[in-house]
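Colleague: Work the whole structure out from these sequences, hints included.
Chains as they are written, first to last, in the numbering used here: chain A, 1 to 114; chain B, 1 to 115.
Hint data in this document are derived by calculation from the structure and do not stem from the laboratory. As the structure is a prediction and not an experimental result, all values here were calculated from the model. For glycine and all other residues, C-beta sits at the position ideal for the given N, C-alpha and C. Treat the hints with care, as some may be off.
Selected chain A positions facing chain B (Cβ under 7 Å, derived; list incomplete) [to be verified]:
(1) 43
(2) 50
(3) 95
(4) 104
Simulated pairs of lysine-lysine, DSS-like, Cα-Cα distance not exceeding 25 Å [to be verified]:
(5) A/101 x A/70
(6) B/24 x A/101
(7) B/24 x B/68
(8) A/101 x B/68
(9) B/78 x B/68
(10) B/78 x A/101
Just the calculated beta-carbon pair ranges, DEER-fashion [stated by the list, open to error]:
(11) B/44 x A/52: 24 to 30 Å
(12) A/30 x B/78: 38 to 44 Å
(13) A/52 x B/71: 29 to 35 Å
(14) B/42 x A/31: 21 to 27 Å
(15) B/87 x A/81: 34 to 40 Å
(16) A/74 x B/16: 44 to 50 Å
(17) A/74 x B/28: 30 to 36 Å
(18) B/12 x A/30: 46 to 52 Å
(19) A/16 x B/96: 35 to 41 Å
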Amino acid sequence: AQKITQTQPGMFVQEKEAVTLDCTYDTSDPSYGLFWYKQPSSGEMIFLIYQGSYDQQNATEGRYSLNFQKARKSANLVISASQLGDSAMYFCAMRENRDDKIIFGKGTRLHILP
Amino acid sequence: DAGVIQSPRHEVTEMGQEVTLRCKPISGHDYLFWYRQTMMRGLELLIYFNNNVPIDDSGMPEDRFSAKMPNASFSTLKIQPSEPRDSAVYFCASSLGGLAGGIQYFGAGTRLSVL
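Modeller: Rendered as structure tokens:
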């Protein structure tokens, strides 16, 4: 069974609109971390935001926020006021406390339209 | 601060040749990970080290692949002999395990083409 599910293979969004990229996860470990990475066309993997399972508040980093709904096992990435430079592949990932490895989803390709 | 440094950025080689990819992790990080990314298979973890010791190499595709970490600031991934199906982008990442969830920081990757 997949541990990280990103159901949107591709999205098209108008510039300046807010974007929500979906991510659901599956784990029985009560302690875990959730991550989002951005991979632009240049290829590098850029860490965006982290949420711990015991964090009381949703993580935010500039225009990025993580909508963490623990009961639903959902960790959606919200990008406010999208920009052309946000066009990229976005990966959701999880690390269970009992493991050193990060498990990545298959990604969502985001296209920002001018 | 310098991030994870990988070299070379691009490598083109012929089938049967030996290929060595290099990685310098972020200073002070105690975990190092090697990944391979292809369109077909996505991002795959090949092997990772903790304090220079290989912990899990179950993702290494076959005996042609080997990885070493002789010290805390250097790791290599070697493919010998290389095959066209090894063509991919290879990433190295490092993290400070246990703290802040063990966020992994990636290098820019090495794009390998085996002809």
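Colleague: If you draw a straight line from the CA of residue 101 of chain A to the CA of residue 70 of chain A, is it 25 Å or shorter?
Modeller: 21 Å, holds
Colleague: Within 24 to 30 Å or not, the Cβ separation of residue 44 of chain B and residue 52 of chain A?
Modeller: For residue 44 of chain B and residue 52 of chain A the Cβ distance comes to about 26 Å; the hint holds.
Colleague: Please test the hint of 38 to 44 Å on the beta carbon pair from residue 30 of chain A and residue 78 of chain B.
Modeller: 39 Å, holds
Colleague: With 21 to 27 Å as the target window, see if residue 42 of chain B and residue 31 of chain A comply at their CB atoms.
Modeller: Because 26 Å falls inside the window, the suggested range holds.
Colleague: So does residue 74 of chain A sit 44 to 50 Å from residue 16 of chain B, Cβ to Cβ?
Modeller: Distance hint for residue 74 of chain A, residue 16 of chain B holds at roughly 48 Å.
Colleague: With respect to the beta-carbon atoms only, verify the hint that residue 16 of chain A and residue 96 of chain B lie 35 to 41 Å apart.
Modeller: Given range 35 to 41 Å: holds, Cβ gap about 36 Å.
Colleague: Determine whether the Cβ-Cβ distance between residue 52 of chain A and residue 71 of chain B falls within the hinted range of 29 to 35 Å.
Modeller: 31 Å, holds
Colleague: Go through the hint on residue 50 of chain A and say holds or violated, using the shortest Cβ distance to chain B against 7 Å.
Modeller: Since chain B brings a Cβ to about 5 Å from residue 50 of chain A, closer than 7 Å, the hint holds.
Colleague: Residue 101 of chain A and residue 68 of chain B: Cα distance at most 25 Å?
Modeller: Within the cut-off at roughly 18 Å; holds.
Colleague: Taking 7 Å as the limit, does the beta-carbon of residue 95 of chain A come near enough to a beta-carbon in chain B?
Modeller: 6 Å, holds
Colleague: Please check whether residue 43 of chain A passes as an interface residue: C-beta within 7 Å of a C-beta belonging to chain B.
Modeller: For residue 43 of chain A, the interface hint holds, since the closest Cβ of chain B sits about 5 Å away, which is under 7 Å.
Colleague: Between the alpha carbons of residue 78 of chain B and residue 68 of chain B, is the straight-line distance 25 Å or under?
Modeller: 8 Å, holds
Comparing the model with each earlier hint shows no violations; every hint is respected.
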